[in-house]
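Q: Using the sequences and the hints, build the whole thing.
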Amino acid sequence: MKTGIAGGVAAVVVLILLVLGWASVFTVYQTQQALVVRLGDPRRIVTEPGLHFKMPLIDNVIYVDKRILDLENPAQEVIASDSKRLVVDAFARYKVTDPLRFYQTVGSVEGANSRLATLLNSALRRVLGESTLTNVVRDERAQMMARVREQLDREAHAFGINVVDVRIRRADLPEQNSQAVYQRMQTERQREAAEFRAQGSQRAQEIRARADRDVTVLVADATSKAEQTRGEGDATRNRIFAEAFGQDPDFFTFYRSMQAYEAGLKPGETRFLLRPDSEFFRYFTNPSGGRPPAQAAAPARTAPPATAQQ
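Be aware that the sequence shown starts at 938, since it is given in the numbering used here, and climbs by one per residue.
The set of hints was computed from the structure by calculation and includes no laboratory data.
Hints are all accurate, no fakes.
Capping the alpha-carbon separation at 30 Å, the derived lysine-lysine pairs in DSBU-like fashion look like this:
hint, residue 1, residue 2
1, K991, K1003
2, K1003, K1032
3, K991, K1032
A: Structural data, given as structure tokens:
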């Protein structure tokens, strides 16, 4: 029976030793750093990964992330130096460099994010409040982010934190201001478009007027040349007719009469009220073009000797 009791005591002792041995070791991973606290009093900082020892039951291990942490800041409204309101959406990246001070000041990552968000908003208001809207949006944005990071890092050192980077994700006008700016830009573009259309219409009218003037000049020149050529042709024709009339007056008279018949006796368009023995129809009554018989007989009375010979 004594042997059984001794064995039980030995088992309990071994169990207690195993529990104490298990409670006296802790593991630090590569992404962590540890703060050993003994009854609320910080003892040491462990930054090397691996298996480490502590006093069982009285030592407590607080793990702090060694990686770069994110701080997402909600959008804030900031007033620039030119009295323009901006909605700024920024974020920061930081890492814990002093676990002891970090534990003593903020206690946890959530506490650090709360304190850093307040400091980030203050830094943004100070830096952006000294700049204009154009500098914030376009010209000096990188320099402003560097200044905000420097100011935030300087204030975060009191918490054992090193600020790695600060970025302004978005810096826009408020919604109502954006609509007003959009309307103004739209009105300006419409005014410019109307001005361009007016200039284009004026230019088109000038080109059209110049073209009409050129056409008028060309037509006038062409008409003048045509009239001149037609006059020269008529003069040549009249000269030829005069020469032909001088050579054979009877043929010229016959030719002109044929032209008159052709022009005056068109099918379906001819209406005449003339005597058949008129001068116009003399080539119808006498193909040789001589006078009518009544007029031609008068000269025959003056030649009785010829009649007597017959």
